[in-house]
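Enquirer: Following the hints, put chain B in place on chain A, whose structure we already have.
So the protein sequences, as listed, match chains A and B.
The working numbering numbers the first residue of the first sequence as 72 and each following residue consecutively.
The working numbering numbers the first residue of the second sequence as 66 and each following residue consecutively.
Honestly, the hints are just simulated from the structure, not real lab data.
One or more hints might be untrue.
From chain A, some residues computed to sit far from chain B (all C-beta separations above 12 Å) [to be verified]:
no.	residue
1	S75
2	L143
3	R191
4	I234
5	I254
6	C336
7	H373
8	F379
9	R423
10	V538
For lysine-lysine, the following BS3-like pairs were computed, each having C-alpha atoms within a straight-line distance of at most 30 Å [said to hold, decoys possible]:
no.	chain 1	residue 1	chain 2	residue 2
11	B	K367	A	K568
12	B	K349	B	K402
13	B	K208	A	K258
14	B	K163	B	K208
15	B	K399	B	K350
16	A	K568	B	K121
17	B	K350	A	K258
18	A	K79	A	K378
Heads up, the beta-carbon is just placed ideally off N, CA and C, and yes, glycines get one too.
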Amino acid sequence: MAGSRLPKLRRVSQIFFLIVFTALLVFTSLRPSPGGSGDIHLRAPVRLFFEWDPLVAIANALAGHALYRGLLWSLLILLPTMFLGRFFCGWICPMGTLQHFVGNMPSESKRGKQRIESNRYKRWQTLKYVVLIAGLVAAFFGSMAIGWLDPFSLLVRSVGLAILPAFNFAVRAVLTPLEHSHITAIKVTGETLHSILQATVLDFRQTHFAQGLVLGILFIVILAASLKTTRLWCRSICPLGALLGAASRFSILGLHKDLEKCNNCNRCLLNCQGGDDPIGTAPWHKAECLMCMNCVGACPDHSLTFKFFRNEKEVSSPNIGRRKAITGLAAGAAIVPLMRANTGLGKGRHDRLLRPPGSLDESDFLSRCIRCGECMKVCPNNSLHPTLDEAGLAGLWTPTLVPRIGYCEPSCVLCSEVCPTGAIWQISPREKGWVSGAATTQPVRLGTAFYDRGRCLPWAEATECIVCEEWCPVSPKAIYVEEAQVIDSAGITRTLKQPRIDPSRCVGCGACEFACPLQERPAVYVTSIGESRSPSAQILLNRK
Amino acid sequence: MAAETDNKPEANVEQPTALTRRDAMLQLLRVGGAAAGVTAAGVWLSEQSFRPVPAKAEQARRDHRMANDPNLPHLVVVQNGEPRQLVQRALEDLGGIKRFIGRQDVVVIKPNIAWDRTPEQAANTNPEVVAEVVRQCWQAGAKRVIVTDCSCNEPRRCFQRSGIQAAARAEGAEVILPDPEQYREVEMGGVALKTWPVFIPFLEADKIINLPIAKHHGLTGVTLSMKNWYGILGGQRNRLHQQIHQSLADLASFMLPTVTLLDGYRILLRNGPTGGNLEDVAMKKTMVAGTDPVALDAYVAKAWWNLDPEHLPYLAMAAARGLGTVDYDKLPVKFSKLG
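The following block holds chain A by itself, in its conformation from the complex (with noise of 0.2 Å):
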């Protein structure tokens, strides 16, 4: 009887990996931290489920001709499947965990007949394979297109940007009150809690995200689905499953059944998430199969095992078909030249697309960008924000900053620490050269900042202010200003400081935007040109 022990033990080790998930994800921020006056890196590993996603790994490595970083250690993933098959997709993928438990609710749609109905192998699971192929294909032509659906940069995406600066404000809209009570029992009571939330699950300040809303709608339905389909994105989109899928296909564990025990009772089927027919009747369909041990656990007659080096009938490959095959094939090669039609990587560029310091140039940035929002995550100014059309089509949901929101810390590379891919190439504070007495190499530059006179008090309304000087952090500063007499609506002539700035020192980082009173359209404003990574977008013939 130790197979039924199997699906309890999946369930444990799933728990398992979504809390380590998700605690991954909410120290995904910057949190304060003991040490002194050094440089500020991040403590834990919030890379980890990145590096261990092969498929990122493969796509990583058809577009840069190299692996970046960590992504070797997708090999303990991807290794262990060939041997063993899709255990991955049912013990560890926390968004397979979180569909597994939503499918498992309760529902109108799945009664008796009509769930082991919709747990038997279906024709259209062979979908993931086709965006598996036309993913691989795109991500060779240069586009990491399949970010949008790889699972964790799904789900860092929608939790990281939407769910948890929700569930922040949730949070927050209920102790605020309490805090400001009048009766001191409920008072301390809320400021406890607080202070116990914010060591652990809340984020030091609330952030908001630029389609904030779209992702966690987006979200919701792809786990709602599940109420009608158990795992339906998992069996019919997923492209990390469907290669997962394509790599157990000589996987030496497989599913035993004992057809001469099984009479058929269908109870195999009731909990199967991977929609694998583990039924005795019709052939085991090896590459759906999630490995989730349920059929094993339900067989009343204990004629279902998972056993090594069996000789069985089984669909062992990804039963797609050459027709399938060809149409992934095209549309992957279709899917980048459609997508960059009509945006022009040239001077079509949006004036305000700027990228998170270290950032490779825009070709290169989309053939690594997978989308997935960790930096936009740990920005501690909130920043990033995800681009709707600023990158064009193709660039759908990569990171630009915003500096109206959030400007560029002078010494912060938490980003580029962050980013899986190297879309964003690691940099040290030293390297990006915005704060440093001597140094010796280019700063990183994001744009150049530009007045707008019209709107600036002291050029525009005879007005004292400056605050941009202040918070230029170069030095010597970008921003200078020179004293100008002005005549006010009384007549009277004043002088005050009028700033300019002088390009050759400007960085683009974004602090006199972010700091200029003007809030909502602001006087002093930074646009990309200029930046360090398109040799093709500057406008000194030299720049110091």
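Expert: Quick look at chain B alone, frame taken from chain A:
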């Protein structure tokens, strides 16, 4: 209910009979009670409708000054020491920490923790200066010692990289990072500054110690002790530059500290108040402390930047409001040199 019975007609449905009188009365009472409740709630709510007005601001000038002692200097200058020695000597010359801090006092220490800079870059108060003041406050018997500031750059980075968080915690201080929920609207009663949100720890202190650092500043030429009060404010304080001198005088007459210790161990000569370049920093190894913030600012501006009070109109404004005197040379000033 009705829909469900329609869908599933059952074989032996009970024949409907009329309600008993008792049940009918009870039903009427229930409905009538609910209707009365709804009406009462509606009337009460409609009487509660007022146009939203901001919570009434409190009017409280924060005067933490101590009486002047004729035997003690109003201003002390200590030179040529390490940060902790400078603090020790300065407080000693001013009459000792016990003159300022009493038993059971809640002390709030206000260093400059505005920027994401290291101590060597001299954009924030020296962490050792802060630590020594914390230590002395405990010695004087304080109940709580709080170190806080409303940073400009990201507070977590500022508090950590300034070294102040670690140094102050090591001495047992509570280090409080600014929290957007913890501000209270205050009627500051100034000429330029009317109602502003102030960070609550500054409002609830028994004693306040101002620990600024001397730096160059693009707009005013120099930022000294009074400019440090920017860091008690929340809200859209980037507007203060429009009337900077008036704002500084308003802040100074709202927040009157127990004592001011100006950190001149390293000072920022250029590209202030942010700096960043070690070439902008000068080792001065000095501390200027006192109970008259006007005299203190006037002295430092003249001594280190050669700026006369005419260049800093806020000094005259503050003096006119009785906050001190610009004629520091007419005050009892004590100079001492260590080492």
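Enquirer: It remains to establish, for every hint, whether it holds in the given structure.
Expert: For each hint, the structure was consulted:
1. S75: holds (38 Å)
2. L143: Holds, because the least Cβ-Cβ distance between A:L143 and chain B comes to about 32 Å, which exceeds 12 Å.
3. R191: Its Cβ never comes within 12 Å of chain B, the nearest being 29 Å, so this holds.
4. I234: A:I234 clear of chain B: closest Cβ-Cβ about 22 Å, beyond 12 Å.
5. I254: Non-interface label stands for A:I254: nearest chain B Cβ at 18 Å, farther than 12 Å.
6. C336: About 29 Å separates A:C336 from the closest Cβ of chain B, which puts it past 12 Å; holds.
7. H373: holds (40 Å)
8. F379: holds (52 Å)
9. R423: holds (22 Å)
10. V538: violated (5 Å)
11. B:K367 - A:K568: Roughly 22 Å between the alpha carbons, so the hint for B:K367 and A:K568 holds.
12. B:K349 - B:K402: Answer holds: B:K349 to B:K402 is near 12 Å, not above 30 Å.
13. B:K208 - A:K258: Given pair B:K208, A:K258 holds - Cα atoms ~21 Å apart, limit 30 Å.
14. B:K163 - B:K208: holds (14 Å)
15. B:K399 - B:K350: holds (16 Å)
16. A:K568 - B:K121: violated (37 Å)
17. B:K350 - A:K258: Measuring from Cα to Cα gives roughly 45 Å; hence the hint is violated.
18. A:K79 - A:K378: OK: A:K79 and A:K378 at ~19 Å, within 30 Å.
Of the hints listed earlier, those the structure fails to meet are numbers 10, 16 and 17, in rising order.
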